[in-house]
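Participant: Required output: the full structure, derived from the provided sequences and hints.
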Amino acid sequence: GAVVSQHPSWVICKSGTSVKIECRSLDFQATTMFWYRQFPKQSLMLMATSNEGSKATYEQGVEKDKFLINHASLTLSTLTVTSAHPEDSSFYICSAEGGIGNEAFFGQGTRLTVV
Amino acid sequence: DAKTTQPPSMDCAEGRAANLPCNHSTISGNEYVYWYRQIHSQGPQYIIHGLKNNETNEMASLIITEDRKSSTLILPHATLRDTAVYYCIVRVRMDSSYKLIFGSGTRLLVRP
Chain A
1 GAVVSQHPSW VICKSGTSVK IECRSLDFQA TTMFWYRQFP KQSLMLMATS
51 NEGSKATYEQ GVEKDKFLIN HASLTLSTLT VTSAHPEDSS FYICSAEGGI
101 GNEAFFGQGT RLTVV
Chain B
116 DAKTTQPPSM DCAEGRAANL PCNHSTISGN EYVYWYRQIH SQGPQYIIHG
166 LKNNETNEMA SLIITEDRKS STLILPHATL RDTAVYYCIV RVRMDSSYKL
216 IFGSGTRLLV RP
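Taken in order, these protein sequences are the chains called A and B. If you read the first sequence in this note's numbering, its first letter stands for residue 1, the second for the next number, and so on. If you read the second sequence in this note's numbering, its first letter stands for residue 116, the second for the next number, and so on.
Hints may contain errors.
To be verified - Using 35 Å as the maximum straight-line C-alpha spacing, the simulated DSBU-like pairs for lysine-lysine come out as follows: (1) Lys-41(A) - Lys-118(B); (2) Lys-184(B) - Lys-41(A); (3) Lys-41(A) - Lys-64(A); (4) Lys-184(B) - Lys-66(A); (5) Lys-64(A) - Lys-20(A); (6) Lys-14(A) - Lys-64(A); (7) Lys-55(A) - Lys-20(A); (8) Lys-66(A) - Lys-118(B); (9) Lys-41(A) - Lys-14(A); (10) Lys-214(B) - Lys-184(B); (11) Lys-14(A) - Lys-214(B); (12) Lys-41(A) - Lys-214(B); (13) Lys-66(A) - Lys-55(A); (14) Lys-184(B) - Lys-118(B); (15) Lys-66(A) - Lys-214(B); (16) Lys-184(B) - Lys-14(A); (17) Lys-55(A) - Lys-118(B); (18) Lys-55(A) - Lys-14(A); (19) Lys-214(B) - Lys-55(A); (20) Lys-20(A) - Lys-214(B).
Note that these hints are calculated values from the structure, not bench results.
Facilitator: Quick look at the structure:
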């Protein structure tokens, strides 16, 4: 299947700082990218959907000013967690939709720990 | 909200077929059923998807009932590496795109 790469795989940051997570589709152009968050022992929760060159669409209850999403090209989307707090500690996963069958392929995830 | 319901857990013996059921009684006519699995602390892995016909690939088979209200994912010869959480998802239309809303999934344990 197609490859979606996330970077970094894990990050520890201090409370109050911002963290940027990158999501790249390596071998296809992603018309749409999605960002999910997953807490321990829970399912994935969709945070937002982004299309290249346009503003992201956020799910209800997700603060757009806290979770900044930029989808600058057909192969790159970034999620910036601004002014991170310990409750933002979670597993963040991106997916990219595109390719032949338009399936969504997922990155390996980024584990964020805010101390 | 997720449009699917799955049993929370199942187990099967290594080498046997694993049959994972999924109910999606409110599915619309043009909505696809997707299956993904997630091994601990990794991103979900695509398995298979279908609309109304049965589908098969190198990983699994997908059987969709004629009324499309339920489906079954079949892993023909389960191995220990198939232990994972399996998610059945209905891909929902959203404006000019689609989105995948994950439910709780089924935790499959493959026993030696």
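Participant: Give a verdict on every hint.
Facilitator: Results for each hint:
1. Lys-41(A) - Lys-118(B): The given pair, whose Cα atoms are some 20 Å apart, holds under the 35 Å limit.
2. Lys-184(B) - Lys-41(A): Roughly 27 Å separates the two Cα atoms, so the pair holds.
3. Lys-41(A) - Lys-64(A): Distance ~25 Å between Lys-41(A) and Lys-64(A) Cα, so the pair holds.
4. Lys-184(B) - Lys-66(A): Answer violated: Lys-184(B) to Lys-66(A) is near 39 Å, above 35 Å.
5. Lys-64(A) - Lys-20(A): It holds: about 14 Å lies between the C-alpha atoms, which stays within 35 Å.
6. Lys-14(A) - Lys-64(A): Distance ~21 Å between Lys-14(A) and Lys-64(A) Cα, so the pair holds.
7. Lys-55(A) - Lys-20(A): Holds, because 17 Å separates the two Cα atoms, which is no more than 35 Å.
8. Lys-66(A) - Lys-118(B): 28 Å, holds
9. Lys-41(A) - Lys-14(A): 24 Å, holds
10. Lys-214(B) - Lys-184(B): 19 Å, holds
11. Lys-14(A) - Lys-214(B): 33 Å, holds
12. Lys-41(A) - Lys-214(B): 22 Å, holds
13. Lys-66(A) - Lys-55(A): Within the cut-off at roughly 15 Å; holds.
14. Lys-184(B) - Lys-118(B): 10 Å, holds
15. Lys-66(A) - Lys-214(B): Holds, because 22 Å separates the two Cα atoms, which is no more than 35 Å.
16. Lys-184(B) - Lys-14(A): 48 Å, violated
17. Lys-55(A) - Lys-118(B): Roughly 27 Å between the alpha carbons, so the hint for Lys-55(A) and Lys-118(B) holds.
18. Lys-55(A) - Lys-14(A): Status holds; Cα separation ~28 Å.
19. Lys-214(B) - Lys-55(A): 16 Å, holds
20. Lys-20(A) - Lys-214(B): 23 Å, holds
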